[in-house]
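S.K.: First to last, the protein sequences are chains P and Y. Residue numbering for the first sequence is 65 to 500, as defined by my numbering. Residue numbering for the second sequence is 138 to 599, as defined by my numbering.
Any given hint might turn out to be false.
[Claimed, not checked] Below are the EDC-like pairs computed for lysine to aspartate or glutamate, each with C-alpha atoms no more than 20 Å apart in a straight line:
(1) Y:Lys195 / P:Asp101
(2) Y:Lys393 / P:Glu492
(3) P:Lys374 / Y:Asp182
(4) Y:Lys401 / P:Asp242
(5) P:Lys140 / Y:Asp556
(6) Y:Lys598 / P:Glu492
(7) P:Lys140 / Y:Glu255
(8) P:Lys374 / Y:Glu255
[Claimed, not checked] Take a look, some chain P residues computed to stay more than 10 Å from chain Y by CB distance:
(9) Gly98
(10) Lys140
(11) Glu143
(12) Ser190
(13) Ser405
(14) Glu408
(15) Lys455
(16) Gly461
Keep in mind that the hints were calculated from the coordinates and are not lab data. Note that the structure is predicted; figures quoted are calculated from it, not measured. For every residue, glycine included, the Cβ atom is placed at its ideal position computed from N, Cα and C.
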Amino acid sequence: MYQDWIALGKKKGLSDLEVFAVRNRSLSLTVYQGKLDAHVQSDVEQVTLRGIYQGKLSTIRFENHAHANVDHLLNKLIENAQALTVTEPAIIFEGSPSYPEVKEERFDFSRIPVTQKIQLLKDLESYILAHEKVTQVQNASYQEVDTQTTLTNSKGLHLFKRNTYAYAYAIGVFKQDDDIKTAYDVKLVKDFHDFDAKKMADETIRQGISKLGGRSIPTGSYPVVFSNEQFADLLSAFTSIFSGEASYRNLTALKDKVGQQVFGENIHLIDDPLHPESHFKIPFDDEGVACQKRAVVESGVFKGFNHNLKTSAIFKVQPTGNGFNGGISPTNLYLESTSQSFDEMIQPIQDGVYITDLVGLHAGVKAVSGDFSLQASGLKIINGKLDHAVKMIVVSGNFFDMMKRVKGIASDLKFQLSGIGSPSVFIENLMIGGEA
Amino acid sequence: MLYKKDLSFLLQEGLATGADFAEIFLEDTKSSVIRITSGEVTQIDRGNTFGAGVRLIKGIDEVYGYTNHVSVDNLHQLILNLRASFQTESIVKVKAFKKPQPIRSTIVKPMDSVPVSEKASKLQHLSRLMKSYDSRIVQAMCQLIETEQKVLVVNSLGTYQDDLRAHTRVFLSAVAQEKGNMQQAYEGPGRAMGLEFLDLLDFDKLATEVAHSAITLLSAEDMVPQVMPVVLHNGFGGVIFHEACGHPLEATAVAKGLSPFAGKLGEKIGSDVVTAYDDGYVDGAWGSASFDDEGKPTQKNLLIEHGILKGYLIDYRNARKMNMDPTGSARRQSYKFSPTSRMNTTYIAPGKDKFDDIIKDTKYGLFAKKLGGGTVVPATGEFNFAVQEGYMIEDGQLTRPVRGAMLIGHGKDVLFKIDRVADNLELGQGMCGSISGSIPVDVGQPTIRVSSMTVGGAGGKK
């Protein structure tokens, strides 16, 4: 079928075409109060057609595969390509010399009966509910995903990858006097048997309990430690600063800074598509370029932007395999850990804040300026030890400035579902907005 | 192509193992994004979302499935899979389809009635206006985002309702740079209408304002964190109500008792000056639609009257759970989501105060002229939202621009702390993300004052 579309496009005058097709099958289950509350199954195939007409590249995405629709959309693609005024490289890729091999067993989640999946959620819910401080479990959710990606183009490239995984979590609602807090722990697995409801419940309870009884703290400047998860989330809000597109469009402060010291010497940022601890191993990007392990920042020195085919041609460098979803993003970008334990790292802090929750990352982060200001909660650090819970504070700073003032990096590297990973990180000081 | 008899058959099949409600949602949506960067047309993307969602309900139990393989056979297979969750006798029959009601909204200029090049040249002009405003503007971007969503909702209660919804939005963004200091400003007005939207507003003026904002931010000081009175300007300032009160009034939070406002109908939840609505249909408004995603005509819902809680936003399934009537508020991003209660056009009603008086009567505080996005956790009621453009109020006068301010608070407190409401109601547009996906909504309010809020920022002594 895809070859027919390519042939049809060629007939209409497109010089090159590519069909990028993703078939996504999923099952989601939600349990609430011991009963199945949501049960969703899906099977959706989305196609992205990229075509070059008179040297201009345009894209269409569609889900209606009827022949008449494809014909109409190809006409639209040509009209759109003609309306582009910018002169930029337009490339359909002939392929990388070799592709990394993803060594991972593929587990067939559909083999496990639905009743067993529901039981996992019921167990998870009841384990959490058993704790005296838990008033209810907001929902216990399970999702399994099977994604098959095919890339076919007129340059003769044909690639295929498949990814299967499942994840589960339950949001516990914790109460102590007037104070209500929620907590959850997402567990992603490649084999259903790796779920452990008791362990997940214990972690959720541990988090929930630690948040209770929190109070605000006086406004001021404090030493701040971000948990591994929260620093990874903060980092993920700033990945656009490493994009070749952002450099080309004047949208990153790292423009013209390749080869320069941009962060502290203790900062090493690596993009590794196959990192053993990452959740997703990625052999090639959405343009068919082989993904590769690459240092983005080494000892604080910026080593180069992430590129797709277009920006690598503009900057006359090799493509880095970071062309995803029509733009540029890292695969598994992480901050390298050290051998220092978390306890050792916080030991010198007399009066500081340990942040375990950041809320509103979509609104409180300005990637262009580097400024961030975020609602946060966590624990007070007193005399080198974690102390009482802290809530309703705002942590503010500037990313570029902060990365020059990292005092400590722990050994507890953890990858988030976003693909971004980090250990816990100690910042010399940041402004905390709290009580008057 | 699915005929009425096919849909009727599929619905009946859905009910065969004991479900008491079956629904099919069919969607064919086309979308287009045109992007202009520094005067050049750099990207034009076209998209199509096409598929069907099937929902079966028994009592308050629900199963949902979706696919883009839309044929009678495929949908039948999907329904067979779904109905396996219910294993009793069929208890109800599908009712005959009622005649659909007329669609209230009209589209004057559909997206494919204007050549792409003509749309692009209008945006190029706006981009150039921003770029030429000041030599420190290093980047000026415009985007035209258009969608036309064609839907058909049918259910076993006899609903057979089609709807055609057009959405058009213009994004303007300018980046100003002075040495290492880079600042970005933006505006993103939108309407539920076709390209006639481009003739509705004074976009030249708006482009100049965006460029001006970016330049102003260059000289803005970092907000010094403190607790202080905050004056929230009209329009997008309404995001405070959206986050702090709108989400907790949705049945998704109320039915589970997760909302601080659950079980509080008729009780005082805010100060006397607060009256608020969620209106499903304001002609042409970004968040409006003729029908909700369960095929029910949308309506104007009173939420709060003089501080007293009057109503929730309720969808069909939660109506069963709560033993209340649905409010025409069921929404979903696409066929990939089961519908649930969501906001449309939510706003605080105008009061009697004048904007100038509110500023004049504030000895010291923050004037949040433009807000960015925000978040709320309904279970805890804690919310936050970012100030995109702010100024200090000193001795009743607007003085220095400040940047990076973040406002945080508690939904149940903030409504009581609103002490002034002006008469200048305006709406602002945004995309709201929640369980049933990302949907267009209007937030809105006149200028209001909150007597005390925690304001975060990076300023002050380190």
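S.K.: Out of the numbered hints, which ones does the structure contradict?
M.R.: 2, 5, 8, 10, 11, 15 and 16
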